[in-house]
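Just so we're aligned, residue 1 is where the sequence shown starts under UniProt numbering, counting upward by one.
Just so you know, the hints here were simulated from the structure itself, not pulled from any lab data. Hints are supplied without guarantee of correctness; some may be wrong.
[As the list claims (entries may be wrong)] The calculated PhoX-like cross-link candidates involving lysine-lysine, where the alpha carbons are at most 25 Å apart (straight line), are: (1) 144 / 191; (2) 76 / 143; (3) 76 / 144; (4) 191 / 24; (5) 73 / 191; (6) 76 / 139.
Only a predicted model underlies this, so the values are computations on that prediction, with no experimental measurement involved.
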Amino acid sequence: MIIYIKPLIIPSFLLYALVNNYNKFNPNYYLFVVLFYLNELLLLFWEDSAQLFRMASIASFFCYLSLINLGYKSIKKIKIDTAPSAFTLFILTLNVVFLCAILYILISAIGDEYLNIILVFNAIATVFLGVTAVLYLGKFADKKAFYYFFGSIALIFNDIFAAIGTYFVENVILNTFDRLLHFTSFYLIYKFMITDKKKAKNLITDS
1 MIIYIKPLII
11 PSFLLYALVN
21 NYNKFNPNYY
31 LFVVLFYLNE
41 LLLLFWEDSA
51 QLFRMASIAS
61 FFCYLSLINL
71 GYKSIKKIKI
81 DTAPSAFTLF
91 ILTLNVVFLC
101 AILYILISAI
111 GDEYLNIILV
121 FNAIATVFLG
131 VTAVLYLGKF
141 ADKKAFYYFF
151 GSIALIFNDI
161 FAAIGTYFVE
171 NVILNTFDRL
181 LHFTSFYLIY
191 KFMITDKKKA
201 KNLITDS
């Protein structure tokens with residue numbers, strides 16, 4: 001049932017968010033929301049239509065780009081005088097290796113050449129999103145950074161589980177978990193937008 005009620009949950013939640021926190025949202029966030037919801041609707045109704053699934057994947061790609069831009073602009077507002085830690089670089093490397101492995105498995109299983117090309121671009125965007133999320137968390141390590149990090153990771157794993165559920169395992173629990181991750185990522189990015197950034201001693205705000 002969660003599969004069909006989720007498209008109604010997000011618009012209702014967004015209406016609540018706009019009423020209470022509209023002054024904290026920017027055009028890039030609205031773009032993220034539109035692409036996020038478009039991707040959800042296309043995946044809900046795609047059935048066996050390759051065209052709809054391609055469109056959903058393209059929407060997902062631009063959704064990643066808008067989320068990357070949100071994180072990048074938030075980082076860019078502040079000059080940072082610390083270098084990434086070894087742990088941050090390790091997580092970043094692990095993220096890239098894992099995503100490359102998933103991409104290889106998906107391309108091997110999917111016979112659609114056009115979809116494979118789209119998936120390659122999605123994987124590249126996913127790597128950059130992972131890079132942005134890890135660097136954000138490594139630099140700030142505050143509540144806002146945790147919201148962005150886990151929101152991004154939830155969105156990445158949502159797409160991975162969706163691909164597995166579509167091409168490998170048709171499982172109700174897996175599909176439900178995929179959709180829960182989808183809404184969780186939406187909620188965490190919303191929390192990221194409304195949470196004020198914590199000031200730290202080693203950070204210098206641009207004038």
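So, going through the hints one by one against the coordinates:
no. : hint      : result
1   : 144 / 191 : holds, 8 Å
2   : 76 / 143  : holds, 18 Å
3   : 76 / 144  : holds, 15 Å
4   : 191 / 24  : holds, 11 Å
5   : 73 / 191  : holds, 16 Å
6   : 76 / 139  : holds, 12 Å
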